[in-house]
Amino acid sequence: MTRSTLLSIALFQAALLAVGFLVSGNNYYMLLLTQVALFAAFVAAWNIIGGLTGQLDLASSAYMALGGIVTSLLWMRLGLPPVVGVWVGGAVAAGLAVLIGIPTFRFGVREVWYALMTASLVVILNNLFRYFMGPWDFYLPNKWGWLYLRPRTYFELFIIVDVVLLAVILVNIYISGSKIGYYLRNIKEDELVSEAVGVDTRLYKLIALAIYSFITGAAGFLQVVIYSSFSYRLFDAGLAISIAIMGIIGGLGSISGAIAAAVVFRALGEYLRSTLGGVIPGLDLLLYGVALIVVGILKPEGLAGLFNQLRRWWRK
Amino acid sequence: MSAPDVVLRVENVTKRFGGVVALNDVTLSVGRGEIVGLIGPNGSGKTTLFNCITGVYKPDKGRVFFMGRDITGLQPHEVAKLGIARTWQKVRPFRNLTVLEAVTTGALLRTDSVEEARKTAVEVLELIGLPREEWGRLGSEITLMEHKLVDLARALATGPKLLLLDEIAAGLRPHEQERLAEVIKKVWSDRGLTIVVVEHVMRFVMSLSKRVVVLHEGRVIAEGPPEEVASNPRVIEAYLGIKPV
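Line order of the protein sequences matches chains X and U.
Each residue of the first sequence is one higher than the one before, starting from 1 at the first, in my numbering.
Each residue of the second sequence is one higher than the one before, starting from 1 at the first, in my numbering.
Everything labelled a hint here was simulated from the structure, so no lab data went into it.
Nothing here was measured: the structure is a model prediction, and the numbers come from that model.
Misleading hints may appear alongside valid ones.
[Claimed, not checked] Capping the alpha-carbon separation at 35 Å, the derived lysine-lysine pairs in DSBU-like fashion look like this:
no., chain 1, residue 1, chain 2, residue 2
1, U, K210, U, K61
2, U, K81, U, K58
3, X, K179, U, K186
4, U, K81, U, K186
5, U, K185, X, K179
6, U, K90, U, K119
7, U, K161, U, K186
8, U, K119, U, K81
9, U, K210, U, K58
10, U, K186, U, K58
11, X, K179, U, K90
12, U, K119, U, K161
13, X, K299, U, K90
14, U, K161, U, K58
15, U, K186, U, K90
16, U, K90, U, K58
17, U, K161, U, K61
18, U, K119, X, K179
19, U, K185, U, K210
20, U, K186, U, K119
21, U, K210, X, K179
22, U, K58, X, K179
23, U, K119, U, K210
24, X, K143, U, K185
So that you can see chain X by itself, here it is in the shape it has in the complex:
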């Protein structure tokens, strides 16, 4: 890891924690900040499959919900504390992803078809879980503590989410600089050339898919904790799309851009929803749409391109 990367992570963490301390008196803002940080973690995980590998995956919320629900059920039915349960939740999500990924990559499903297929996965699971769970919300047991990843205060929850976000960022950076990262970026550039220089493209796409879905599934329980409940509605196609959109606005493959987009747009979206949501429903989604168009026209390389420009300008 270079010094500048280390420095920017430290700065980002300092800023995030500072905001956390500032708003820690206000439960609403605290929850909002926690939600934004968790969303950023999902976007950062998506960056592995979407940004690095170039597969337009729209199933993020499927893995999130599956992992979250599995972890919750293990806790409620079998008494397995979520500290352990999240790993199982992540593994189940990754297992499903790999199971679907094998035939998908075997038959060369890619680009828009991959996007459609993964998007339909969310819808299928949404219907399946509605069928088996019914339309009800299931509330988490009235137990609190670190063992359940369910601390008493929002500030502590924010710290947990922040640690997860930091971990996902570090995983991203580690992968980027490793052999896997080189191979994934080459797959994104050109699969045929990658094969010809010895990259097992199917295997490496599966690896990327497994890492991304495992992280998303394991972190999914934190989303359940924020809601304190879960239902089939966790399988939310809109959420999966907005996670992908953040990765695209951020500049595919750039972790800093992806996180910046997630933080700025999710916070702005939540703000607009809470202030104007009653007046103009869906305004936050409109904002995403407008941002996508603006980025598409002005800066197809996303916020990351903007950062690079600023960096060059700064050095001059």
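Got chain X; can you put chain U on it based on the hints?
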């Protein structure tokens, strides 16, 4: 040629696309250390043959042997691992990787360490003679000639025994072609490679290979030293579409 000296052997390979027979019962051998030219008019099946050798296509009939081993139907990355590398007729530009990163990826085939791979990449780039200031450039910032060199470097970095060059001189100016031919000769002698050159540019092939194979409509119609082949009436007919007077 005795068996251990045959690096590549293509036996009765046939490949059809719908009703079109792209390769029709093609048989050829390439000996260790040879530079063989593979020529023929457009659509004669040269690139298809490369694709059948490297596993991009599976031949409908026939077998492909590499160092005595049957490699028919292997995946492209498996073929690469065994030691066959190729370059591309149509430049396949990498936009968001630097030159050094692209070549490093090739070198990662033989090691898991990025650092080691980078060392190999540096060696190859130096051998090819690509100036150091180009190494940090993105694929979107380099010229066609540089792309061809990087393509070659990336293939070499995988540590191949057999190198397949698919119309590498296409689109280059004559003096660039000469330089490329020099680079290929240098690489060939330095690495003890066996090379198959698919080419349109006759002069380019003649400067490199002692033996050429001529494909026409998916069949091998002539084989031999370049001067001899160039004056072969069947070859002239295939290229010009008329019988020589």
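Verification of the hints:
About 29 Å separates the Cα atoms of K210 of chain U and K61 of chain U, which keeps this hinted pair within 35 Å; it holds. A distance of roughly 18 Å separates the Cα atoms of K81 of chain U and K58 of chain U; the hinted pair therefore holds under the 35 Å criterion. Simply put, K179 of chain X and K186 of chain U have alpha-carbon atoms about 29 Å apart, close enough for the 35 Å limit, and the pair holds. Restraint check for K81 of chain U and K186 of chain U: the C-alpha separation of about 23 Å stays at or below 35 Å, so the hint holds.
Restraint check for K185 of chain U and K179 of chain X: satisfied, since their Cα atoms lie roughly 31 Å apart, inside the 35 Å limit. At roughly 28 Å between alpha-carbon atoms, K90 of chain U and K119 of chain U fall within 35 Å of each other, so this suggested pair holds. Annotation: proposed proximity of K161 of chain U to K186 of chain U holds, straight-line Cα distance about 15 Å (limit 35 Å). Among the hinted pairs, K119 of chain U with K81 of chain U is consistent with the structure: their alpha-carbon atoms are about 19 Å apart, no more than 35 Å.
Proposed proximity of K210 of chain U and K58 of chain U is supported: the alpha carbons are some 29 Å apart, at most 35 Å. Of the pairs offered as hints, the one joining K186 of chain U and K58 of chain U holds, with about 33 Å between alpha carbons and a cut-off of 35 Å not exceeded. Proximity of K179 of chain X to K90 of chain U is assessed by CA-CA distance (about 27 Å); at most 35 Å being required, the pair is judged to hold. Under the criterion of a C-alpha separation no larger than 35 Å, the hint pairing K119 of chain U with K161 of chain U is consistent with the structure, at around 20 Å.
At roughly 28 Å between alpha-carbon atoms, K299 of chain X and K90 of chain U fall within 35 Å of each other, so this suggested pair holds. Proximity of K161 of chain U to K58 of chain U is assessed by CA-CA distance (about 22 Å); at most 35 Å being required, the pair is judged to hold. The hinted pair formed by K186 of chain U and K90 of chain U meets the criterion: a straight-line CA distance of about 24 Å does not exceed 35 Å. Restraint check: the Cα-Cα separation between K90 of chain U and K58 of chain U comes to about 21 Å, which is no more than 35 Å; the hinted pair holds.
Taking the CA atoms of K161 of chain U and K61 of chain U, the gap is about 25 Å. The hint holds against a cut of 35 Å. Note on K119 of chain U and K179 of chain X: the hinted pairing holds, with a Cα-Cα distance of about 14 Å set against a maximum of 35 Å. As the CA atoms of K185 of chain U and K210 of chain U are separated by approximately 12 Å, the hinted pair is consistent with the 35 Å bound. Between K186 of chain U and K119 of chain U, the direct Cα distance comes to roughly 20 Å. Compliance with the 35 Å bound is thereby established for this hinted pair.
The suggested pairing of K210 of chain U with K179 of chain X is violated, with an alpha-carbon distance near 40 Å, which exceeds 35 Å. A threshold of 35 Å between alpha carbons decides the hint, and for K58 of chain U with K179 of chain X the separation of about 29 Å falls inside it, so the pair holds. This hinted pair checks out: K119 of chain U and K210 of chain U have alpha carbons roughly 34 Å apart, not beyond 35 Å. Between the alpha carbons of K143 of chain X and K185 of chain U the distance comes to roughly 74 Å, so the proposed pair goes past 35 Å and is violated.
Hints 21 and 24, counting from the list given before, are not met by this structure.
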